[in-house]
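K.L.:
Numbering of the sequence shown is given in my numbering, commencing with residue 911 and proceeding in unit increments.
No lab work stands behind these hints: they were computed from the structure.
In this text, a Cβ means the ideal position worked out from N, Cα and C, and glycines have one as well.
It is possible that part of the hints are untrue.
Quick list of the computed label-pair ranges, beta carbon to beta carbon [claimed, not checked]:
(1) Cys-925 - Pro-1048: 40 to 46 Å
(2) Asn-920 - Gly-1097: 22 to 28 Å
(3) Pro-1138 - Pro-1048: 44 to 50 Å
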Amino acid sequence: MISQDHSDRNRLRICSLLPRLWETDDVAASQAAVSLFASPENSISPHRTEVIQQLTTDFLHVLTSFSPQMPISLDNRRDAVIGALKMLLGNLLKYASKPFIEEYVDIALLPVISLESGEFADIICSFLLDYASGVWTPHLTKPQLYVIEKSIARSLAALPYDQMDIYWLKMQDGMEAESAAMRLGLGYLSAAHAVEHLVYGLVFLKEHTLRKDILLRLEEIADSRCLPALMKMKQEMSLTDWTLTRLIIRVIKVIEMVHRDEYQRTLLRASDEKQVAADQLLHPVAPIASDDFTSARKTLLRSEPAPKKKDGSSD
911 MISQDHSDRN RLRICSLLPR LWETDDVAAS QAAVSLFASP ENSISPHRTE VIQQLTTDFL
971 HVLTSFSPQM PISLDNRRDA VIGALKMLLG NLLKYASKPF IEEYVDIALL PVISLESGEF
1031 ADIICSFLLD YASGVWTPHL TKPQLYVIEK SIARSLAALP YDQMDIYWLK MQDGMEAESA
1091 AMRLGLGYLS AAHAVEHLVY GLVFLKEHTL RKDILLRLEE IADSRCLPAL MKMKQEMSLT
1151 DWTLTRLIIR VIKVIEMVHR DEYQRTLLRA SDEKQVAADQ LLHPVAPIAS DDFTSARKTL
1211 LRSEPAPKKK DGSSD
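Make a model of the complete structure from these sequences and hints.
P.N.:
Quick look at the structure:
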């Protein structure tokens, strides 16, 4: 899962990068565009470098064509960059047989991760549909197809979980092929970083089968962060969908069992870390001598004395 510090550093990097895309110096603008498509794997092969150069050239052409002047506000700059990237990605979908198309797709989707915008949700759905429909299959080998699949999976998981409603709508209400492709995407949301996505989809969707699929994913991940949402849904659905409620109960039990030791450590941890004086601690009872024990036992077992009568005698 991406940490908050990493996310904050990425936002600062993007904020400082965006104005440089409108530099009058072509070299400086090109370097900024290359940074936008940056990845540790960019130097693996020579043709990958050529792909980056081609993508940055096409991207800057689209960006400056629709936004010749740099927008004043940061939000408007961000919107302009996102719009240009979406056009660039849309053009890639038209050329399934393009040489090194898997490299183009892989690199072109990298800004989706750094920009963290739900505006890319619809174009990612289009890539997912084309992949599931086998658009690239006649032109690529299995390793090349895997590069595209990995890129789509990485981009889908990078979308903000609360800004991808279109993905869930296509899964629930789309045509048969479209719905099947979006369900294929659930397989890319099967790690701990996707728990928020799955919980959001579980609440958003209303179709029983789709909710069941998501619950099975959450059971497989077994992340305790989803427990509050599951417990709330169990209460809400106990009277309307008993079969789904039973599955929710099972998933909750599995997750609680996986994190059982964690809960025990939490419960046994001292709530106050202040040092307690030794004389205030509880200690085991000191051993009692046998004579004292016999005497105490006789005292405890002795019956109550009989009440005396008015004349002073006892029964």
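K.L.:
None of the hints should be skipped; say for each whether it holds.
P.N.:
Okay, the hints, checked on the actual structure:
{"no.": "1", "hint": "Cys-925 - Pro-1048: 40 to 46 Å", "in the structure": "holds (43 Å)"}
{"no.": "2", "hint": "Asn-920 - Gly-1097: 22 to 28 Å", "in the structure": "holds (26 Å)"}
{"no.": "3", "hint": "Pro-1138 - Pro-1048: 44 to 50 Å", "in the structure": "holds (47 Å)"}
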